[in-house]
Amino acid sequence: MRATTWFVPLVSACGLALASASWAVNVSISQPDPLPGKYPKGAEVTFKCTITDGGDDDYFVVWRFWDDGPDWHYEGKNLTTVTRACQMPGAHEFWVIVFDMTRENQVAMASGCFWVLWVQLSVGSAGTEVALDNQGGVTWYQATRNPQTRALGLQTTFKGVQTGMQYSGVCTPRQWDRTVSMKRDVSGHHYGGPGGDIVRDSAVGDDTSDPIWLDEDPQSATYYWGGENKSDGVVYDVDPPGYSVKTDGVCRVRANFREWAQYDASVVSDHLDTHCASSVTWDGTSWQVVHTYDGLGDNSAGTGWVNLNWNMQ
Amino acid sequence: MMNRRWAIVVGVTLLTGPLAGTCPAATAEEAIAEAETAVRARAEAIAAVVALVDNEELFAVNPEQAAHAVELLGRLRAEEAVPILLEHVYFEWPRSMRGPALRDFPCAVALARIGGAAAPALVKLMAGDEDAAWLGTQVLVGIDGAAAAAARLRAAAAEEVHEERRKRLLRAAEFAAGLHPQELDSPGHAAPGTGFPD
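As they're listed, the protein sequences go chains A and B. Residues in the first sequence are numbered from 58 upward in steps of one, following the working numbering. Residues in the second sequence are numbered from 189 upward in steps of one, following the working numbering.
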């Protein structure tokens, strides 16, 4: 008998089954299929392998899930199925090592890989620009006026005056290639009237962007700005809260948001709480910012929530 | 069971056979008359709704009714309404705090429903008005699909002699190339909320 060493199979390609030459035993990964398996963090996943030996011998099977949390080692007699929760974001390898029942002789080995998704969210507004690889950013650029601009924050648009906010979601692993949905809830009011203290509209609940404002393909390319701008594992959502009625005195937006990322039905990010507050008035020619409550957070957009009253108090 | 069904079919055929020379002809005349009535009714309905929306006050005073009337023009594929729809293309209803989308602009949605007949006038408007490009591009993508809309805009740009108008159309073409047609009837994402705290 000859024990198969650890080192040679470690360089094998994902899913490649290896068998000891002296033992006609083979092990192959039957689940996930295809490889790599792609799961949201926390997903309960069943991994399976198939052992073939031309007979009906028993084997001692060891599973090892590298770099995916403390529960990384499983072993048992003919253990061909392991169900476990995916714990750590990233691209991981796992190994199935088959021993004879003496546990001294390794007779076969197979490896596979799986990805565990987690998304890190952030928000940008005034002082930043829409990313070149953000297709939804093109929609923002197209909407802005005098001149058209990639700059976020309070801008004149074809619709009125809007505050551009760009949510970015960086995927781990960066090679993640499936759609990641960007979702958002809102709680907020539009105020108008001479003092800007009359509620005109209110919104509570789902505020998920229309598809034209989204770039949910983490490996997409945007060509609008010239050349190929690839997302490289980042998804985007642009939200332009604003005001369109020019004849309503002081127009105020007070809105708090909660943004998160989803893969299928699973939430794959922390919640990101953000806000937008703006006060403007139309002087007959252009929009003018009203700075009365700037000290309380008016005319700002970014992380955290604000008081939703017209005077922010 | 199958034999019984065949017996019914054969029986009905034998009974109605002698009438074959008269019944279908009468039905055809009726069908044509009904269709003519429907065409006249459609034309009258369109004329009435166009007259209704050809009124600035309606959009300001009763935007809900204006939006409904405009929607009907779209569903009737009323090519006659294209000029009046273009005139009110920025009309937004209902107003919401969401980021604007095609579905928020009833006249633009109606133009998309009318289809190719609306495209030439729309492209002309887009060439002369930067504001129209944002909406107009989405309407064209709704009509033609992204690639064909981009091609239509590039072709229009190629024929344009005025530099600024030409650039405007080329920018719209690039915008169109990256868009997907939108569901005109959709209220947007039907995403479950997380229960936003008060």
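The hints are simulated quantities; they were obtained by calculation from the structure and are not laboratory data. Here a beta-carbon is modelled for each residue, glycine too, at the ideal position from N, C-alpha and C. Just so you know, not all the hints are guaranteed correct.
Below 30 Å or equal to it, Euclidean Cα-Cα: the simulated DSSO-like pairs (lysine-lysine) are [what the hints assert, rightly or not]:
id, chain 1, residue 1, chain 2, residue 2
1, B, Lys-312, A, Lys-287
2, A, Lys-105, A, Lys-134
3, A, Lys-95, A, Lys-105
4, A, Lys-134, A, Lys-95
5, A, Lys-303, B, Lys-312
6, A, Lys-303, A, Lys-95
Facing chain B, from chain A, some residues (calculated, C-beta under 7 Å) [stated by the list, open to error]:
id, residue
7, Gly-112
8, Thr-185
9, Leu-189
10, Gln-192
11, Ala-200
12, Phe-215
13, Lys-216
14, Asp-258
15, Trp-270
16, Ser-277
17, Tyr-281
18, Gly-284
19, Glu-285
20, Asp-296
Okay, the hints, checked on the actual structure:
1. B:Lys-312 / A:Lys-287: The given pair, whose Cα atoms are some 33 Å apart, is violated under the 30 Å limit.
2. A:Lys-105 / A:Lys-134: This hinted pair holds, its Cα atoms lying about 14 Å apart.
3. A:Lys-95 / A:Lys-105: OK: Lys-95 (chain A) and Lys-105 (chain A) at ~15 Å, within 30 Å.
4. A:Lys-134 / A:Lys-95: It holds: about 28 Å lies between the C-alpha atoms, which stays within 30 Å.
5. A:Lys-303 / B:Lys-312: Holds - the C-alpha atoms of Lys-312 (chain B) and Lys-303 (chain A) are around 27 Å apart, at most 30 Å.
6. A:Lys-303 / A:Lys-95: violated (49 Å)
7. Gly-112: Nearest chain B Cβ about 52 Å off; hint violated.
8. Thr-185: Violated - the Cβ of Thr-185 (chain A) stays beyond 7 Å from chain B, reaching only about 17 Å at its closest.
9. Leu-189: Status violated, d = 13 Å.
10. Gln-192: holds (5 Å)
11. Ala-200: holds (5 Å)
12. Phe-215: Since the shortest Cβ distance to chain B is 4 Å, the answer is holds.
13. Lys-216: holds (5 Å)
14. Asp-258: holds (6 Å)
15. Trp-270: With Cβ-Cβ at 5 Å, under 7 Å, it holds.
16. Ser-277: With a minimum Cβ separation of about 9 Å from chain B (threshold 7 Å), the hint on Ser-277 (chain A) is violated.
17. Tyr-281: holds (5 Å)
18. Gly-284: Since the shortest Cβ distance to chain B is 13 Å, the answer is violated.
19. Glu-285: Hint violated; Glu-285 (chain A) Cβ to chain B Cβ min 12 Å, cut 7 Å.
20. Asp-296: holds (5 Å)
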